[in-house]
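**Student:** For chain V, the structure is supplied; the task is to place chain L on it using the hints.
Read top to bottom, the protein sequences are chains V and L.
Mind the numbering: the first sequence is residues 1 to 228 in my numbering, read in order.
Mind the numbering: the second sequence is residues 1001 to 1228 in my numbering, read in order.
The set of hints was computed from the structure by calculation and includes no laboratory data.
Some clues are possibly wrong.
[Said to hold, decoys possible] Restraint ranges, calculated between C-beta atoms of paired labels, are given here:
| no. | chain 1 | residue 1 | chain 2 | residue 2 | range |
| --- | --- | --- | --- | --- | --- |
| 1 | V | LEU224 | L | ILE1091 | 44 to 52 angstroms |
| 2 | L | ILE1091 | V | ARG63 | 25 to 33 angstroms |
| 3 | L | GLY1055 | V | ARG63 | 27 to 35 angstroms |
| 4 | V | ARG52 | L | VAL1126 | 44 to 52 angstroms |
Beta carbons: idealized from backbone N, C-alpha and C, even for Gly.
2 protein chains.
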Amino acid sequence: MAEKCVVLLSGGLDSATVLGLARAEGRECYALSFEYGQRHRVELECAREQARRAGVARHLVLRVDLDAIGGSCLTSAGAAVPAADLARERIPSTYVPARNTIFLAHALAWAEVLGAPRIDLGINAVDYSGYPDCRPEFLQAFQKMANLATAAGVEGRGEVRIHAPLLYWSKAEIIRRGLACGVDYGRTNSCYDPDAAGRACGRCDACALRAAAFAEVGIPDPALGGTA
Amino acid sequence: MAEKCVVLLSGGLDSATVLGLARAEGRECYALSFEYGQRHRVELECAREQARRAGVARHLVLRVDLDAIGGSCLTSAGAAVPAADLARERIPSTYVPARNTIFLAHALAWAEVLGAPRIDLGINAVDYSGYPDCRPEFLQAFQKMANLATAAGVEGRGEVRIHAPLLYWSKAEIIRRGLACGVDYGRTNSCYDPDAAGRACGRCDACALRAAAFAEVGIPDPALGGTA
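Isolated chain V, as found in the complex (with noise of 0.2 angstroms):
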């Protein structure tokens, strides 16, 4: 029997690659996404069109609140995304306060009910807008936590492990090994703020840094229509 990933599918490139990945290694795939308020909404219709062509075993898009809770330009309909600089020294103002936490405590919820010993996730710690929880340290820390959190820990059935395979890649890399596995780019989205027909906006960090890997891969980004 295939083993059990809960694998984390925001709808962007990463989380795409990481299901084609995880695909390829022949495991039955759990996809978990949410809906928080996030600006940039199209991508839960990625994430849906890219668990279907994954075959997952099932597809959870949960309700977190986290525009209740504020804190993130990406959860406030009248703050503006600011422009790419990758070269800032501040935590950008596209920061969700405790976001990849909180997926990851409902992803370590789900997979302590299936019986599912990995969480997948795309976390990059390479070409990434200096969010803390996108750190290696984060998430070995997160993974000792969950251990001692769940009934599956402590009784001994199994632990779970946090398995970020694009962590030490470029996102050239994760391009060039996603394609290797058939992941269609043409139908993920990496932009904070798209327009209302889904169209990325080309000038926040997420584009900046996704239109340099497609250069350096050497091929148009398939989502833009082939015209990159």
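**Tutor:** Quick look at chain L alone, frame taken from chain V:
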């Protein structure tokens, strides 16, 4: 200026006590409750009443989809809540996978947005139902993870502390301390399986623990109309 804290407020006896203690310290309290598909939804009415009485700065009730994840009789309408058995060796079916991790993760987000250096919660390692996420080692691991997860921790704007004042108190001691700071236990719900009118079942673990504690303190449980 009073120091802030985020208080996880379920509407039960323990969390009402924690809120009372924080108020007695002169803290500015931000109460956080969750609608998570729990069958004992009467506890949310109790939480609202406790928050009002304590004069909290704000009371936020967030929706989390734990019922969509499942794995507990507390979030499954069809499943029976087991009769009290405090000598059982296995973790009971009232355990909700990763619930405290998910609640604390939301509290962490709010604490970061508020600039609150402390998160208070009423977990207890003595008179409890055997849940893994009520143990001191879980709390310590969560706190370590939390300070790696947030911008506040990384940028040196202050670490967050997880404060569990009841951790090593007996249920009777919790009640005595709560009474000393004016907690109204008449407006708390501890029962896992109240009836439609919000009346305690009298047979679950939580009812058994509560009844034994009021008996030890030597006063009737005010939530039972003084007839206990």
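**Student:** All hints are to be evaluated individually against the structure, with a verdict given for each.
**Tutor:** Each hint, compared with the structure:
1. For the pair LEU224(V) and ILE1091(L), the supplied restraint of 44 to 52 angstroms holds, since their beta-carbon distance comes to about 51 angstroms.
2. Taking the beta carbon of each, ILE1091(L) and ARG63(V) are about 27 angstroms apart, inside 25 to 33 angstroms as hinted.
3. Under the hint 27 to 35 angstroms, the C-beta atoms of GLY1055(L) and ARG63(V), about 30 angstroms apart, fit the expected range.
4. A C-beta distance of roughly 49 angstroms is found between ARG52(V) and VAL1126(L), which places it inside the suggested range of 44 to 52 angstroms.
Checked against the numbered hints above, the structure violates none of them.
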